[in-house]
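Novice: On the provided structure of chain B, position chain X as indicated by the hints.
There are 2 protein chains.
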Amino acid sequence: MILFGKVAILGTGLLGGSLALALKGSKMCGRIGMWSRSEATRRACAEKFRGCKVCAEISEAVKDADLIVLSSTVLSIPEVAKEAAKSAKQGAIATDVGSTKELIAKKCSEIFSKKGVAFVPSHPMAGLEKSGVQFAKKDLFLNAACFVCPSENKSATKAVAQMWENLGMRVFFKTPKEHDKIAAKISHAPQCLSSALALLADGDLDTFKNFAGNGFKDTTRIAKSDPAMWRDILLSNPKNISKNLDLIAKKLSGLSAAIKASDKKYIEKFLSRARETRLNLEK
Amino acid sequence: MILFGKVAILGTGLLGGSLALALKGSKMCGRIGMWSRSEATRRACAEKFRGCKVCAEISEAVKDADLIVLSSTVLSIPEVAKEAAKSAKQGAIATDVGSTKELIAKKCSEIFSKKGVAFVPSHPMAGLEKSGVQFAKKDLFLNAACFVCPSENKSATKAVAQMWENLGMRVFFKTPKEHDKIAAKISHAPQCLSSALALLADGDLDTFKNFAGNGFKDTTRIAKSDPAMWRDILLSNPKNISKNLDLIAKKLSGLSAAIKASDKKYIEKFLSRARETRLNLEK
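So the protein lines, in turn, are chains B and X. Take 1 as the starting number for the first sequence in this note's numbering and just add one per residue. Take 1 as the starting number for the second sequence in this note's numbering and just add one per residue.
In short, the hints are calculated from the structure, not lab data. Certain hints may be false.
Since the list gives no way to pick out one identical chain from another, each pair is judged satisfied if it fits inside one copy or across any two copies.
[What the hints assert, rightly or not] Cut-off 30 Å, straight-line C-alpha distance, at most; resulting in silico cross-link-like pairs (BS3-like, lysine-lysine): (1) LYS86 to LYS106; (2) LYS260 to LYS82; (3) LYS53 to LYS243; (4) LYS217 to LYS86; (5) LYS107 to LYS82; (6) LYS138 to LYS89; (7) LYS181 to LYS269; (8) LYS82 to LYS114.
Okay, chain B solo, but in the shape it has when bound:
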């Protein structure tokens, strides 16, 4: 079923690129216009997304679009929205794929409402530790969770949610505030922790190369993620992330003190509870 005559994808990284591939395979939209800031990326896109129109100008990609998807990095989304709003048609719908929602929802709703465009914030939780259009794949969204923040425009909200569902995602409706609280806990703070742990190997690389096993490697896998992307995410959800980092730092200091004091019971409770929680996640 055609949901949108034309979709404009603004930003062609892992998520934007995967969305283009998934939409092409889905018959949910007629045409796809794509925009990337970088000429090299546009060339790669023209190669990879045959049948999509790859544009050097936002206005060209957005022209006549029924759905505008903002899929550039978090802090650049409002800028791209401003530019997109200039060429957006009245009655169009806009959404985004950013990892934080409060800041984006506030700014973009304002920008688009002036042009009669309904903005429905989304966050498809389908990242990898790899970035860039070269890793895009059409089944990236399958079975992953997707947050949608309902806008006042109910039919626009429904259409955006429908698109993600048709791509195989499990859609959850949350306010931007609720989203940012959840995302800090399940994704942003773990990212910071993984990076902090990776830094243990800084200046001692040979030791880690020789001796570190899969435990260390798995625990630090996501530290390989794009720093610029994550910098922006951390900057746009500061209170929630800091709160969780302070909490974990406190837990570590508590465990450290217990270890120094040979507090067998504390240590065992800490580890047992962690294990039980982690095992329950898989039930």
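Specialist: Chain X in isolation, oriented as in the chain B frame:
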């Protein structure tokens, strides 16, 4: 080549069990005697390790053994050593597979030297997040690192190192003190961190079940490890582990403060350096 006429494996968890399977396949030893404290485990062993003698008494397993391998949990190793020493033959060699070395090396060297048995501490770095003889497999040691702490008895040291090498391990010689410093950094502190992160989901399980992706899951995989085993490891290497935990807690607090202060440069440097370090590990 036969290295040892008889090997006694005292403690039949993942490591002890895997060692029995690997030795059986290697033709490095003539006979294998195994001991487990638990009757249920002994029954499972009798089933799994056909050709090995599964004993209810340490003395029986140790009798006539040329190599005694202490493969019970870290804090129980000295106790088992005491019992084993009573029946050990003069000129035998003993080793262990414990995750910490200073405490074990000191206690066990003392215990065995009185009986004319050379003790050569080992640490094959081949754990999994799963424990127990049911997960034992003969290729567990392949390509993993193994620490051997040289004893005064050079031929005993050589024989123990040779055994691990023959099983496909990369052997490194370190003093117990050096070992414990390294292990705290590459293994013990990461274990604590993974558990601390898993505790974020404690009391908020539904949220994590719905929304947590592979990032959180991989980062907390090792939190599923056996709490009793790890409690003993933490208790037997307290100073080195605490030092690293305090260091990571400090890094997290620093990052948290930078996020609160919107310190873009600090955040980017933190994440970039972590990424670079992690990528270099794979080079």
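Novice: With reference to the structure, classify each hint as holding or not holding.
Specialist: Going through the hints against the structure:
no. : hint             : result
1   : LYS86 to LYS106  : within (18 Å within a copy, 75 Å between copies)
2   : LYS260 to LYS82  : between (55 Å within a copy, 27 Å between copies)
3   : LYS53 to LYS243  : neither (43 Å within a copy, 56 Å between copies)
4   : LYS217 to LYS86  : neither (46 Å within a copy, 42 Å between copies)
5   : LYS107 to LYS82  : within (9 Å within a copy, 71 Å between copies)
6   : LYS138 to LYS89  : within (28 Å within a copy, 66 Å between copies)
7   : LYS181 to LYS269 : both (27 Å within a copy, 25 Å between copies)
8   : LYS82 to LYS114  : within (11 Å within a copy, 81 Å between copies)
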